[in-house]
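Peer 1: The chain contents come next:
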Amino acid sequence: MSQDEDILAVAREGFLDEARDMLRQFEQALLTMEQDPSDAEAVNSAFRAAHTVKGTAGLFGFDAVVRFTHEVESLLESMRSGELALSDEAMALLLQGRDQMERLLAEIGLDAQDPDVAQTSLTLGEALRALRERGAPALGQGLASAALSGGADPSRLVAESVPAAGGVWHISLRMGIDALRNGLDPLSFIRYLSTLGEVRGIHTVTDAIPDLAALDPESCFLGFEIRLATEADRATIEGVFEFMLDDCSLTVLAPDAASADYERLLDARAPDTQPEAREHLLAAWQSLAGPGAAPFIERREDVPERRANEPERRSGAKERRGGDETRFIRVRADKLDHLIDLIGELVIASSGAQMVARTEQSPTFGEAAQRISDLVQEARDGALGLRMMPIGETFSRFQRVVRDVSKQLEKDVELAISGGDTEMDKQMVETIADPLMHLVRNSLDHGLEGPAERLAAGKPAQGRICLNAYHESGSVVLEVSDDGRGLNRDRILAKAMERGLIEPDADLDDEQVYQLIFMPGFSTAEQVTNLSGRGVGMDVVKRNVEGLRGQIRVSSRPGQGATIQIRLPLTLAIIDGFLTSVGGVSYVLPLELVAECLEVPAECQSQPDRVAGHFDLRGEVLPYLDIGRFYRHSGTPAARRSLVLVRDGSTRVGLIVDRLHGEHQTVIKPLGQVFQDIKGLAGSTILGSGEVALILDVPALLDLATTRLSSAAGSRGQAARTVAGVHSEPR
Amino acid sequence: MQTPNAPIAARGVPQGEDIASAGDIVQFLRLSLGSEKYAVQINAVREILQMVPTTPLPLMPPFVRGVMNLRGAVVPVVDLGARLDLPATDVGRRTCVVIVDVPGIDERRPQTLGLLVDAVYEVFDAPVADQEAVPRLGTRIDPGFIRSMVRIRGESTAELNLSAILDQQLLARLIACHATDPLSEALTALA
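Just so you know, the sequences run in chain order A and B. Each residue of the first sequence is one higher than the last, beginning at 1 in this note's numbering. Each residue of the second sequence is one higher than the last, beginning at 1001 in this note's numbering.
In short, the hints are calculated from the structure, not lab data. Backbone N, C-alpha and C define an ideal beta-carbon position, used for all residues, glycine too. It cannot be assumed that every hint is accurate.
[Claimed, not checked] Derived CB-CB ranges, DEER-like:
{"#": "1", "chain 1": "A", "residue 1": "E663", "chain 2": "B", "residue 2": "A1073", "range": "20 to 28 Å"}
{"#": "2", "chain 1": "A", "residue 1": "Q560", "chain 2": "B", "residue 2": "R1071", "range": "53 to 61 Å"}
{"#": "3", "chain 1": "B", "residue 1": "A1073", "chain 2": "A", "residue 2": "I502", "range": "35 to 43 Å"}
[To be verified] Anything over 12 Å on all C-beta distances counts as not near chain A; from chain B, calculated:
{"#": "4", "residue": "S1032"}
{"#": "5", "residue": "P1087"}
{"#": "6", "residue": "D1090"}
{"#": "7", "residue": "R1140"}
[To be verified] The following residues of chain A were derived to be distant from chain B, with all beta-carbon distances above 12 Å:
{"#": "8", "residue": "A40"}
{"#": "9", "residue": "S78"}
{"#": "10", "residue": "A112"}
{"#": "11", "residue": "P186"}
{"#": "12", "residue": "D233"}
{"#": "13", "residue": "V252"}
{"#": "14", "residue": "E367"}
{"#": "15", "residue": "A383"}
{"#": "16", "residue": "L409"}
{"#": "17", "residue": "D421"}
{"#": "18", "residue": "D434"}
{"#": "19", "residue": "E479"}
{"#": "20", "residue": "I492"}
With the hints as constraints, model all of the structure from the sequences given.
Peer 2: Next up, the structure:
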């Protein structure tokens, strides 16, 4: 039994996953519809999403979901067919509907259903239905209760009122005796039928069931007479029973079937030789034509195995999904991590092999080791790529937030997204989503002005928030920018002094002032809104970013807007490195940051005590940092040292090291908790020789250098400023 | 974590994690730092290695020797003598690295550290009843770093309180402050 439960649990997970995707698609389509009501494809997309959720939920018997989603789907259907135009009321109801669907899905698998949720289903369902009925001509409710006399006239059945569109089909089904043995459960097929429309009535024909003594429970003796109100065509209806055709007898009568057709059916099912069966059948048809509501198929606690098999068959049978060509496989995250760890160790081992090949000076071994190294590199890139996902999905989640919050704040805001296909490590995407959300909310709340204020300032009434993502020299850059008020430097400075965060006479440049907003407890919001302003947000954002070994920078133009830029490493696990050594210690630089290697220029050699300064490179003045001196490596430096030119954002900085050792793949190993707060080291790695090398975090190292050197004696401040930014130097 | 200034009277016979009854035997590792002998409870010790090459980290306080490669894992190495404000360890023939596990910050995974010591001697048993209180005066190292006094071969040996000495949060803070403050480094250089 537990194996069945496992199968069912896995299938349910798959369903919930797909349902969540569908909900996202649904919301996306709704928001598109709101922007452009004439976009027919958006309506279709929303309809398909709702339809898929309803259908698959129906397979699993999640009745609450099916019932409610049906209302949503029906409303969309009437929009699709042009009966109902999109209005604010409809949009609001649909969005609420989406939220309700999410709530219902969350309840699946729980023991107790929240009565509030059930109540919302009822009221919201009512509202949706009411809106639809107001828009569409009233469907003929209440079929004429055809009082059939003894010699019933089948033609009377044809006269029942039909829905405004489509019609009421009659389906007559007789199961083959081996149907159950062949794994066909008639109930599932009929339940599926209900996704095509509304089952007005079902009559189960039990005439063929023998008495208990003769009954073989594995044989099927059942028949069904079904009345289905649907707009689907015959092919679609018959398609539902496609897999059953060998094991049943199926007759489908169209809404416009003549009474002769019914006579034929009657003869086929209950020939004149069986007057009793004929009576029963006619009575059944009579009751079906009556005004009763369609009986909902009760979910029985029956054999889970069969139901678990069905989802696969069903998705083969009906191609409901709109052309999603890419195939996906679900993989457990920990298996992936394990694989990446193994490949990491493989990288190190392959380095070791190459070292042995060098020392042994064996060319054949060297070739083999090189081949292994190349393959390991490919495998590594492939494995890391598995963890990458485009950030666009995360970005598009913000559309809804921006829409809701801007309405709440009575501001008109447009969210522009670019670079959505920029890929990032999955774990990083998940970690950065909340900080990004906070930044967006901050812009909405404090950055952007209300329409009146914007117009007074000569700006368009609609504010704009831009989310952007791109790759730059081995990092992923995320930007949140708005065209609002920008940051108020004086107010930030005043607030920081008021809270004792800085000395009153501190001399800070713009960038440093803006960085103050990330200090804990800082907030210049006049009022604390329930969105932001409690001062707990920005410092958490910065901490999250730095936890991912990233940096966060702020730039702002008063009155014109602000941009917050987050820079993150591409991956946390493995990097391509450039190996150097300083004072006998091996240091690894991220290879993407290395621009050039040169001999140490003369002006750096001239003053033996300088830790940092600047030098001339082909006419450009760039800063440099002497790592050996900065890190106070003891001993005399090597005679011929080298300068490695590295990229730092959009500028370049020279790092003086003793020796260069070339490219080296590295697996990043954490340094240990006691070192978690030091700046400048991103981790460590083990070289092929077994020696531990340190990985430099170049941006953090340069920040550290700036801080240390500028807080040293005042006269050394000059050195710090050259390291901090060459753009302030005259060329 | 015992604070160095906790009143001695409150300490008395140590209880700590292992609430052993008076008749129980506890095992200790005896080691030397400089000319002094000290003891450490064996339950924290994972293994003992001969001196291994360590990679020094830049801008560290003197008690951080660096990091080492322990079968593929990168493990910090602490100069135990320096940490206890004794003269720094000179690497000699008998210098060893004692690998210990200590609780991590915020009860996260336990952290592995290597302790650089001048020599290790033996593992000895001592009944809990034989452990005595820490004297207020006369100890070579800060009494806050001592958990109890253990009698071995007639000699009273200080049992080191590893969880105080190697408190991860405290070490992390000491290390971080040292790296960013050039003044502390200058002072260290002068000391």
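Peer 1: Give a verdict on every hint.
Peer 2: Results for each hint:
1. A:E663 / B:A1073: 20 to 28 Å: holds, 25 Å
2. A:Q560 / B:R1071: 53 to 61 Å: holds, 57 Å
3. B:A1073 / A:I502: 35 to 43 Å: holds, 41 Å
4. S1032: Since the minimum Cβ distance to chain A is about 24 Å, B:S1032 lies beyond 12 Å and the statement holds.
5. P1087: holds, 18 Å
6. D1090: Nearest chain A Cβ is 16 Å from B:D1090, so the label holds.
7. R1140: holds, 25 Å
8. A40: holds, 54 Å
9. S78: Holds, because the least Cβ-Cβ distance between A:S78 and chain B comes to about 56 Å, which exceeds 12 Å.
10. A112: Holds, since 33 Å exceeds 12 Å.
11. P186: holds, 55 Å
12. D233: At roughly 62 Å from the nearest Cβ of chain B, A:D233 sits farther out than 12 Å, so the non-interface label holds.
13. V252: A:V252 clear of chain B: closest Cβ-Cβ about 65 Å, beyond 12 Å.
14. E367: For A:E367, whose nearest Cβ neighbour in chain B is about 27 Å away, the distance exceeds 12 Å, so it holds.
15. A383: holds, 18 Å
16. L409: The claim stands: A:L409 keeps its Cβ more than 12 Å from every Cβ of chain B (closest is about 38 Å).
17. D421: holds, 36 Å
18. D434: Label holds. Min Cβ-Cβ 20 Å, cutoff 12 Å.
19. E479: Non-interface label on A:E479 holds, nearest chain B Cβ at 29 Å vs cutoff 12 Å.
20. I492: Label holds. Min Cβ-Cβ 23 Å, cutoff 12 Å.
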